[in-house]
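There are 2 protein chains.
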Amino acid sequence: MLTEFTLIERYFAHATPAAGHVRLGVGDDCALIAPPAGSLLAVSTDMLVEGRHFFADMAPRALGHKTLAVNLSDLAAMGARPLGFTLALALPEADPDWLAPFSEGLAALANRYACPLIGGDTTRGPRNLCVTVFGEVPDQQALRRDAAVAGDDIWVSGALGDARLALGALRDEWALSDEALADSRRALEWPEPRIQLGMALRGIAHAALDISDGLLGDLRHILERSHVAACVNVDAVPHSPWLAAQSEAVRRTCALAGGDDYELCFTAPAAARAALDEIAQSLALPLTRIGAIVPLERPGSALTLHDNAGQPVSLAFQSFDHFR
Amino acid sequence: MLTEFTLIERYFAHATPAAGHVRLGVGDDCALIAPPAGSLLAVSTDMLVEGRHFFADMAPRALGHKTLAVNLSDLAAMGARPLGFTLALALPEADPDWLAPFSEGLAALANRYACPLIGGDTTRGPRNLCVTVFGEVPDQQALRRDAAVAGDDIWVSGALGDARLALGALRDEWALSDEALADSRRALEWPEPRIQLGMALRGIAHAALDISDGLLGDLRHILERSHVAACVNVDAVPHSPWLAAQSEAVRRTCALAGGDDYELCFTAPAAARAALDEIAQSLALPLTRIGAIVPLERPGSALTLHDNAGQPVSLAFQSFDHFR
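Heads up: the sequence lines are chains A and B, in that order. Under full-length UniProt numbering, residue 324 is the last one in the first sequence; the count climbs by one each step, no gaps. Under full-length UniProt numbering, residue 324 is the last one in the second sequence; the count climbs by one each step, no gaps.
For the record, the hints were derived by calculation from the structure and aren't laboratory data. Computed from a predicted model, the values in this text were never measured in an experiment. Treat the hints with care, as some may be off.
Cβ-to-Cβ under 10 angstroms is the rule here; a few derived chain B residues that face chain A [as the list claims (entries may be wrong)]: (1) D29; (2) C30; (3) G120; (4) P126; (5) T132; (6) D139; (7) R202; (8) D210; (9) H221; (10) R225.
Residues from chain A shown here face chain B by an in silico Cβ test under 8 angstroms; the list is partial [as the list claims (entries may be wrong)]: (11) D28; (12) T86; (13) G120.
For each residue, glycine too, the CB sits at the ideal point set by N, CA and C.
All chains should be built: construct the whole structure from the sequences, respecting the hints.
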């Protein structure tokens, strides 16, 4: 019979073998990590709730992937290399048909980044998945939100808005062709944490974060913490052909305020453009300049938008907030 | 209006000022910790679900305390000093009348152990509280479960069973006087993590763990991981006067298999008895010898129980399991 004590061991601990810096993994009161010398330990936690962050019928393999991916994305945004993670999960029942593919999706991503499970907790309850990730970043090289300066370019990786495009179709807000839905659904369910990009940006980018609640809302966090303003060309924001085929309103809603993108938004001095083009080439990941950091002139002027023609665009978007 | 983004800041981040080793706290993609040189980082995670780990009407101040206490207890069991913690919480609503006392109970304990909140996540959902704690322990001095050796004494701190005594009364399994209920309920709702004891046991105790699922079930984890057996005098297990007044059956159920005790169970060589008596004195915390570690003779013989008269006691207890 499947018990609490065997569940973590059977489905998770063996699937992600302990790597170099993990001295003691699952099975004791605590895990023990030997932190790499000269490094800071980066820590982030994210909780995913059924019906809120994912649909109840989401394929468990994709859910396992996404549960870890959204946490690794926070390490990427800090420029950190993954070391390990803990998983606490509440489940309505210990169902092997759900646990096996969930753990496989999780483990495949964990092993790809040499990021083993080091501790866990399981309990019965409404489905809830809480991951805490640990990474390491050399002292002084972490990509913080408070490091943007006037004159910086603003960049984003990949393409934005496809996850929101899929969500809208699944919610019947708009219709998509089967092919468009399949492609955009991949962005929603199988986001790729930009770990290599984050590490490559050490010493090059100033400020960075990952886009989880929508580009414009997340960019505001950089502006607030860095005490600067920004000017963004909304038509420069990279998006897929599927999004290009939508109306301007849908396209902008998805790309600018969609959320669940897990691409990086970062700022860097103009002198870094050549280096960034090389990084984009070597990672085969598009990096696109979408605007500039400017001095903060007065409160409320922090973010101004314009289009390709230079015309102002009004801000009618809101970032996602669970309690709004 | 209370939003997701202000909730952690307002109720939690300010209440627990960052301490020495925390380089960057709440508000970025990750927190940054500068690990103390020569130390291992100890990590543990626990998830508490409403209706399962606590009653829906539990006073929020006590719940805030207990949520962190059960996690600090895991650090104590490892001999680790607290460094910080993350909190992810799902709440049905952002209710200031619940959040304020919950955060006060949490912060009072956090500040007592200089253990600041370093990161968090909030979402709407069935009430669920997930804490991950970080501590440091000098290399080679962690109190692991696999370090018990034949000849060791088995010790427990404090008194066991009062939390289960209160739970039984609240569930109408038995009746208690108002005074007995008030006292035992304190054990259930305001457990004290044995941080000082854990740190004092470095270099003295062999194996250790904290008792969360019942003494005998938890002790088995030490036996399994250390490949040893144990002989325990059930009448030596320390308990309160309230438990002493109960029938033998209730007393043994509560003290031996009750759970939610958060006292430490540890093994130490006989040569350490004088040192342990001194520790008990200096911490004003009783430490009681309840048995001995013996060689494992055959599978299934791992744990034998007897009473004060030396008569065998049969094992009809089961440790708590969320999926059994």
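Verification of the supplied hints:
no.	hint	in the structure
1	D29	holds, 4 angstroms
2	C30	holds, 4 angstroms
3	G120	holds, 7 angstroms
4	P126	holds, 4 angstroms
5	T132	holds, 4 angstroms
6	D139	holds, 7 angstroms
7	R202	violated, 14 angstroms
8	D210	holds, 6 angstroms
9	H221	holds, 8 angstroms
10	R225	holds, 7 angstroms
11	D28	holds, 5 angstroms
12	T86	holds, 4 angstroms
13	G120	holds, 7 angstroms
Comparing the model with each earlier hint shows a violation of hint 7 alone; every other hint is respected.
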